[in-house]
Amino acid sequence: MSLRLACVFALVFTAAGGGVAVAGEPPDDKDQGSQDQTIQKLLERVQALERQVAALEQARAPQPGQALPAEPQPTQSAIAIAPEPAPQQTPSDDATPPDAGSRFNFHGYADAGFLRNVDGTQTKKFDLGEIDLFGTERLSPRLTALMELVFETDDQQQVARVPVNVERLLLQYRGNDFFNVDIGSYRTAVGYYSTAYLRGAWLQTAISRPKMFTFEDQGGFLPLHAVGVSINGRIPSGDLNLHYVVEGGSSRNYGDTEGFLEDFSFNRATNLAVYSQPRGAPGLEIGFSTYHDLFSPAAGIGLDRSVWMVHVVYVQGRVEFLNEGMRIGLSDGSLGSGTGLGFYSQIAYRIASSWKPYARVEYLNAYGTGAINTATARQYVPWKTVYTGGVRYDLTDSVALKFELGQESDYLRPSYISAAVQLAFTF
Amino acid sequence: MGRILPLIAVLLAAPTLDYAAEPARTFAAVVHPSNPTHNLRLRDLLSLFEGDSRQWPNGSGVVLVERDTGSAPFQYLMGRLLNTTPGEYKRRLQNIEYRGDAPVSIKILNSDSAACQFVFNVPSAIAIVETESLASQACGAVQALRIDGKLPGEEGYRLK
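Protein chains in written order, with our numbering: chain A, 1 to 427; chain B, 1 to 160.
No incorrect hints appear here.
Not everything, but these chain A residues come out facing chain B in the computed CB check (under 8 Å):
#1 Asn-105
#2 Phe-134
#3 Gln-172
#4 Pro-282
#5 Gly-317
Think of the hints as simulated: they come from the structure by calculation, not from any bench. For every residue, glycine included, the Cβ atom is placed at its ideal position computed from N, Cα and C.
Sequences and hints are given; from them, build the entire structure.
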């Protein structure tokens, strides 16, 4: 409407100006006729412009598939209003920028399956896995809140005691490519698998995780969770494309003096991870991490723990090839020291459009000196070799069916074969 | 064993055979005319659509514009360019977000014209459209990128 009025006013003023210019002279008939013609032309032009304005206003109204290109918007605002990672979105013919309100993202992951002899206990059972609820809320262009809750459903004899695990709770500051800060409860960047496949059975190719990445509350010996500060970003390095992660924190139960004897805790945890994703070899990642803390397996005992990890990973197209090596050391001046050396290698290759067979081999050897002797070390980490093979079949874009067989050899018991079927999905 | 080997060979070749049945088409990566990037290496284009790179050199965040699943540009993107499936692609993008990184911004549109219009409206967006759509009015307002120094139609152009 304002554009229309502006056009009319401009023309009226133009006409009036013309009138003023000739006001000093008495108009004769010829001039009068000329002015009438001019006014008539101007009126026609006003009407034509009004029609154009009406057409433009109609075109600017939302009309799916027919919107004319609008004026380019500033880059920053375009990014700020297009945060939605939604490959599952319904295709749209709306060529306008996404809604500015879509700042909350939520994903859920769950699984159910059938297990046979998984822990070497001859048990055959249907099994409800985890329910993993993951959400992020962009608070500002640089601040994001991230929360992940996991309901562990493996023991529901008492429904009220189903553990709710606050897997992550972070306030993330996204400065730029080179400097980002996460504050809160984070997953330690120890090795590759821990941060590449945190939880969510649907996200990982296999049913089982590599044994060395077993979660702490399920008997794992690697410190995969911590509370503190994690700083990460890229290192200017050209085509080498180096990244860094620096972390400092404590375990979630550290300082909880009411815990039971088996409540492992740690403090003064520092971790440095550096990895390269060479631009010349898309999908390749090579890196290492070095983690150190004061580890307390029982009240009154504090061990210096060091974890060194290296990884060479290639995930591209049909191929997934994961390789990680680990050295963990525990030491105390008077008690002695324990060492664990291990690795795993996993390969998967997608055939046809939905089938992805995979195989994995794992090995670990633990030994010690002094009070932390080899026998003691193997009480904590009894397994020696694990061979796993299976296939993943993607039923839909959101549902995967997996079959897996495994053979595990332990130091403390005869080797056994396990089998599992899992239906994993995201929502 | 004599039966299994041919079956395995067919399974391995199945996606290639599917795509080979498609008529030969060429595709173009289009961006806003104000985008200072005029040439992309093919691997950088892959990196953008895989979610590994989420920023333009000037620091602005990339918005990926993709076509609907049944369209030729989408099938080309999945089958040839990224060598993946829609399911694995979804898993990859969700994994990026799940790791705590900034989510990949994607807009899915159901025509090349709509994709071009979106790119025109959002200066940091990039879309892959069929080359023949470049003649349309909507796509005339955006710029087609050189890929490894070649424009669509030039000898050695790789998006086909």
